[in-house]
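Since the structure of chain E is already known, use the hints to place chain W on it.
From first to last, the protein sequence lines are chains E and W. Residue numbering for the first sequence follows the working numbering, starting at 20 and increasing by one per position. Residue numbering for the second sequence follows the working numbering, starting at 20 and increasing by one per position.
Please keep in mind that the hints were generated in silico from the structure rather than gathered at the bench. Glycine residues also receive a C-beta, built at the ideal position from the N, C-alpha and C atoms. Keep in mind that the hints are not guaranteed to be accurate.
Unchecked claim - With a straight-line Cα cutoff of 25 Å, these simulated BS3-like cross-link-like pairs (lysine-lysine) come out:
#	chain 1	residue 1	chain 2	residue 2
1	W	LYS302	W	LYS268
2	W	LYS49	E	LYS268
3	E	LYS205	E	LYS318
4	W	LYS268	W	LYS318
5	W	LYS318	W	LYS73
6	W	LYS205	W	LYS318
7	E	LYS268	W	LYS41
8	W	LYS205	W	LYS195
9	W	LYS41	E	LYS302
10	W	LYS268	E	LYS318
11	W	LYS73	W	LYS195
12	W	LYS205	E	LYS268
13	W	LYS318	W	LYS41
14	E	LYS49	W	LYS268
15	W	LYS318	W	LYS57
16	W	LYS136	E	LYS49
17	E	LYS41	W	LYS302
18	E	LYS318	W	LYS57
19	W	LYS268	E	LYS41
20	E	LYS302	W	LYS318
21	W	LYS57	W	LYS41
22	E	LYS73	E	LYS57
23	E	LYS195	E	LYS318
24	E	LYS302	E	LYS268
25	E	LYS41	E	LYS73
26	W	LYS73	W	LYS57
27	E	LYS302	W	LYS49
28	E	LYS41	E	LYS318
29	W	LYS49	E	LYS136
30	E	LYS57	E	LYS318
31	W	LYS318	W	LYS49
32	E	LYS49	W	LYS57
33	E	LYS195	E	LYS73
34	E	LYS302	E	LYS318
35	E	LYS318	E	LYS73
36	E	LYS205	E	LYS195
37	E	LYS49	E	LYS318
As the list claims (entries may be wrong) - Partner residues are not named here, just some residues of chain W that face chain E (Cβ under 7 Å, in silico):
#	residue
38	VAL99
39	LYS136
40	PRO151
Spelled out, the chains give:
There are 2 protein chains.
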Amino acid sequence: MVNVAILGFGTVGSGVAEVLAKNAEHIDQKVETPVRLKYILDVRDFPGSPFEDKVVHDFSVIENDPTVEIVVETIGGATVALDYTRRALSAGKSVVSSNKELVAEHGYELLQLAAQKGVSYLFEASVGGGIPILRPLSQCLAANELTEVCGILNGTTNYILTRMIRSGLTFEAALKEAQANGYAEKDPTADVEGRDACRKICILAAIAFGRHIYPQQVPTEGISGVTLADVAYAESCNRKIKLLGRAVKEPDGRVCAYVAPHLVDAEAPLAGVEDVFNAIMVKGDAIGDVMFYGRGAGKLPTASAVVADVMDAARHIQSRKHIEWGPGGEDVTVSPDQFPFRWYVRAAGSAAAVRTAFPGAALLSRPGAPAEEVAFLTAGAMTRAQLDAALGDLRPLSVFRVLA
Amino acid sequence: MVNVAILGFGTVGSGVAEVLAKNAEHIDQKVETPVRLKYILDVRDFPGSPFEDKVVHDFSVIENDPTVEIVVETIGGATVALDYTRRALSAGKSVVSSNKELVAEHGYELLQLAAQKGVSYLFEASVGGGIPILRPLSQCLAANELTEVCGILNGTTNYILTRMIRSGLTFEAALKEAQANGYAEKDPTADVEGRDACRKICILAAIAFGRHIYPQQVPTEGISGVTLADVAYAESCNRKIKLLGRAVKEPDGRVCAYVAPHLVDAEAPLAGVEDVFNAIMVKGDAIGDVMFYGRGAGKLPTASAVVADVMDAARHIQSRKHIEWGPGGEDVTVSPDQFPFRWYVRAAGSAAAVRTAFPGAALLSRPGAPAEEVAFLTAGAMTRAQLDAALGDLRPLSVFRVLA
Numbered sequence: 020m021v022n023v024a025i026l027g028f029g030t031v032g033s034g035v036a037e038v039l040a041k042n043a044e045h046i047d048q049k050v051e052t053p054v055r056l057k058y059i060l061d062v063r064d065f066p067g068s069p070f071e072d073k074v075v076h077d078f079s080v081i082e083n084d085p086t087v088e089i090v091v092e093t094i095g096g097a098t099v100a101l102d103y104t105r106r107a108l109s110a111g112k113s114v115v116s117s118n119k120e121l122v123a124e125h126g127y128e129l130l131q132l133a134a135q136k137g138v139s140y141l142f143e144a145s146v147g148g149g150i151p152i153l154r155p156l157s158q159c160l161a162a163n164e165l166t167e168v169c170g171i172l173n174g175t176t177n178y179i180l181t182r183m184i185r186s187g188l189t190f191e192a193a194l195k196e197a198q199a200n201g202y203a204e205k206d207p208t209a210d211v212e213g214r215d216a217c218r219k220i221c222i223l224a225a226i227a228f229g230r231h232i233y234p235q236q237v238p239t240e241g242i243s244g245v246t247l248a249d250v251a252y253a254e255s256c257n258r259k260i261k262l263l264g265r266a267v268k269e270p271d272g273r274v275c276a277y278v279a280p281h282l283v284d285a286e287a288p289l290a291g292v293e294d295v296f297n298a299i300m301v302k303g304d305a306i307g308d309v310m311f312y313g314r315g316a317g318k319l320p321t322a323s324a325v326v327a328d329v330m331d332a333a334r335h336i337q338s339r340k341h342i343e344w345g346p347g348g349e350d351v352t353v354s355p356d357q358f359p360f361r362w363y364v365r366a367a368g369s370a371a372a373v374r375t376a377f378p379g380a381a382l383l384s385r386p387g388a389p390a391e392e393v394a395f396l397t398a399g400a401m402t403r404a405q406l407d408a409a410l411g412d413l414r415p416l417s418v419f420r421v422l423a
Numbered sequence: 020m021v022n023v024a025i026l027g028f029g030t031v032g033s034g035v036a037e038v039l040a041k042n043a044e045h046i047d048q049k050v051e052t053p054v055r056l057k058y059i060l061d062v063r064d065f066p067g068s069p070f071e072d073k074v075v076h077d078f079s080v081i082e083n084d085p086t087v088e089i090v091v092e093t094i095g096g097a098t099v100a101l102d103y104t105r106r107a108l109s110a111g112k113s114v115v116s117s118n119k120e121l122v123a124e125h126g127y128e129l130l131q132l133a134a135q136k137g138v139s140y141l142f143e144a145s146v147g148g149g150i151p152i153l154r155p156l157s158q159c160l161a162a163n164e165l166t167e168v169c170g171i172l173n174g175t176t177n178y179i180l181t182r183m184i185r186s187g188l189t190f191e192a193a194l195k196e197a198q199a200n201g202y203a204e205k206d207p208t209a210d211v212e213g214r215d216a217c218r219k220i221c222i223l224a225a226i227a228f229g230r231h232i233y234p235q236q237v238p239t240e241g242i243s244g245v246t247l248a249d250v251a252y253a254e255s256c257n258r259k260i261k262l263l264g265r266a267v268k269e270p271d272g273r274v275c276a277y278v279a280p281h282l283v284d285a286e287a288p289l290a291g292v293e294d295v296f297n298a299i300m301v302k303g304d305a306i307g308d309v310m311f312y313g314r315g316a317g318k319l320p321t322a323s324a325v326v327a328d329v330m331d332a333a334r335h336i337q338s339r340k341h342i343e344w345g346p347g348g349e350d351v352t353v354s355p356d357q358f359p360f361r362w363y364v365r366a367a368g369s370a371a372a373v374r375t376a377f378p379g380a381a382l383l384s385r386p387g388a389p390a391e392e393v394a395f396l397t398a399g400a401m402t403r404a405q406l407d408a409a410l411g412d413l414r415p416l417s418v419f420r421v422l423a
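In isolation and in its complexed conformation, chain E is listed as follows:
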């Protein structure tokens, strides 16, 4: 028998309780011992809920109960969740989390603590919702030297971009619709400005490349600067605008990680990922490109990833599961400003100015463009500084990378 406590009975936490209850027979059979929910920690009571009798308000009840071997942290944020996670691990309990902010900020420290205590710290649900990605990255692709991880990591922004591309909604209208459908929060900043995608690429990069990468080391640009004009220009050259989190291992071993909108070839697998779906592309020296696709968020997909981790921890109570990476540091990352990219530029200026400043650039057109607007793709790759220097009198309105 393995007892479980859930911290935080919100969307994901209540989904975990549901999946544990609904699939109990199947889960017990796979784990080869009963897995039972013993406590739910929340500030609220849940009168009338089938889980009412499990609710406690004091974390120390869980912390001091030696029969609780697995703690599920679905609180979110990096304050209370950090405190409880440290205390649970210190008390010799394995912790399963869906909290990308906590893992991106404190993953190294918490994994070290778990290793010291001989317990597991697992967080498959923190990236890609229910898509199995962290375990395949660390296990199934283990025989590869990985060179790049790149993906559509945030369902909210992908939904907004899909609505702009397919239905011609403005960014503001698409955001409102996403909020009305429950795909975007009232305060959509963390999604829209790319911070959520940034945390996820930090976690992916740490697993792929073996060192902790902090969100503040990852230049992050969201989608609030993407206009319908940009969408139309992208379509004119058979591309779609997608918000990508990317982490590339450079030949010197450093990691170039960033989050930004990109123009993606419409035939590429990532371009076909629409609405709230996520997809993560992994490149390895032996395997080539592999893509993982599915619902990146939502109560039950995320809960099923949490429960899979709970089952894994339960099967390995005696021999903790092995995820780890090295410490972070300034030597781990390198700025994308150091590297050349191919660029899409929309600017105020003339086609003649573009031809002079960017020989060989592909000029783009769209119906109804103002006379003073030009857009183009650079002929080759250049650094952002080289691009800015070449612009001259052209006043940039939108500047996005083109995914090679």
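Positioned in the frame of chain E, the structure of chain W alone reads:
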């Protein structure tokens, strides 16, 4: 130190040797002990090869060497490979295989033997080449009651269909091109007639649903009956023809598994899988749809999956890895003939006859169709027997299912 022997130094076997050598440092670090190739069993010698000194011709050398703990079986087929796999497992060695025929025919027996001996039998590379799919199925999706596995499981046929769809090549011309490019074998029967896909859906279904399913229980139809006329009709209703292996868990617990060409909505993720790429879609009650995509074949992708299994076996020498399923039997499967599907039909006959026989059917058209040819999608779902009975004077030329 863990010693490895490779049986069969063909494409995959030599790829395994290369990946083990090239990524040795990385592999040893992840496994936390050196992983060394000690023997290569082949009937040939390889003078001048860097692996020349490891070649042996007698399996008993490997069988009787107690320092060999992991045997890689990349022989293929179910005769010699079966004998050596039984003997290796019986001798207490873990076996890693890329041999889908052997697993599909004898997986249950070999997994039982491995369990008795306390060793691992792993075969991630047998399905989807380098795509991590078997481990995610058995582990990451463990918290789900799985309801369906469906995929493009054979790169050769997907390449041929892609060339027919995109470039208008006939089946025969596309097959010749595939052979010239090394994507199809001289005798392409196993690929073209769907037998390769059949073996793979057997393995996927066994892991997803827990009982062995034998290839002879899976009705299998290949792509040699797909014509350019069918491709054109599919395009006229915004669909693409794809060869799918499907296994659906019916409410009574039995598995309906089959391999056949399907019309797939052009916007669906599976439709975007082109050339030699494979993709496997998994449906679970909590997770919804998840898709795994990548190169389904090829020396290095497949070798990297084998090496990942070798690493996993090496890490678990003391505690064997847990894959298992129950025995097969006639009670495990149910024929797709029992179930209704929506159908695409191309027939010799008249539109009037279609309207009479299939009220509400969607008639399709294509440029240059002969006067006596009709094609349509049935309005609703019906069993194959119901379809055949309704056809009356219409003489069917192509009959494919429409993926809902």
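Discussion item. Just to be careful, I want the Cα atoms of LYS49 (chain E) and LYS268 (chain W) compared with a cutoff of 25 Å; is the pair within it?
Written reply: holds, 18 Å
Worksheet item: When you check the alpha-carbon spacing of LYS41 (chain E) and LYS318 (chain E), does it fall within 25 Å?
Response: holds, 14 Å
Fill in: Holds or violated: LYS268 (chain E) to LYS41 (chain W), with C-alpha atoms at most 25 Å apart
holds, 18 Å
Worksheet entry | Distance restraint between LYS205 (chain E) and LYS195 (chain E), which requires alpha-carbon spacing of 25 Å or less | Judged against 25 Å, a Cα distance of about 9 Å means the pair holds.
Practice prompt. Could you grab the alpha-carbon distance between LYS205 (chain W) and LYS318 (chain W) and see if it respects the 25 Å cut-off?
Written response: Within the cut-off at roughly 18 Å; holds.
Worksheet item: CA of LYS302 (chain W) to CA of LYS268 (chain W), is that 25 Å or under?
Response: holds, 10 Å
Discussion item. Against the 25 Å threshold, does the CA-CA distance of LYS268 (chain W) and LYS318 (chain W) hold or violate the hint?
Written reply: violated, 33 Å
Item to complete: Take the C-alpha atoms of LYS195 (chain E) and LYS73 (chain E), compute the straight-line distance between them, and say whether it is at most 25 Å.
Response: violated, 38 Å
Fill in: Pair hint LYS73 (chain W) and LYS57 (chain W), alpha-carbon separation not exceeding 25 Å
holds, 6 Å
Worksheet item: Is the hinted pair LYS136 (chain W) and LYS49 (chain E) satisfied, with a Cα-Cα distance of at most 25 Å?
Response: holds, 21 Å
Worksheet entry | Distance restraint between LYS195 (chain E) and LYS318 (chain E), which requires alpha-carbon spacing of 25 Å or less | holds, 21 Å
Worksheet item: Is LYS49 (chain E) within 25 Å of LYS318 (chain E), Cα to Cα?
Response: With a Cα-Cα distance of about 23 Å, the restraint between LYS49 (chain E) and LYS318 (chain E) holds, given a limit of 25 Å.
Of the hints listed earlier, those the structure fails to meet are numbers 4, 11, 12, 18, 32, 33, 34, 38 and 39, in rising order.
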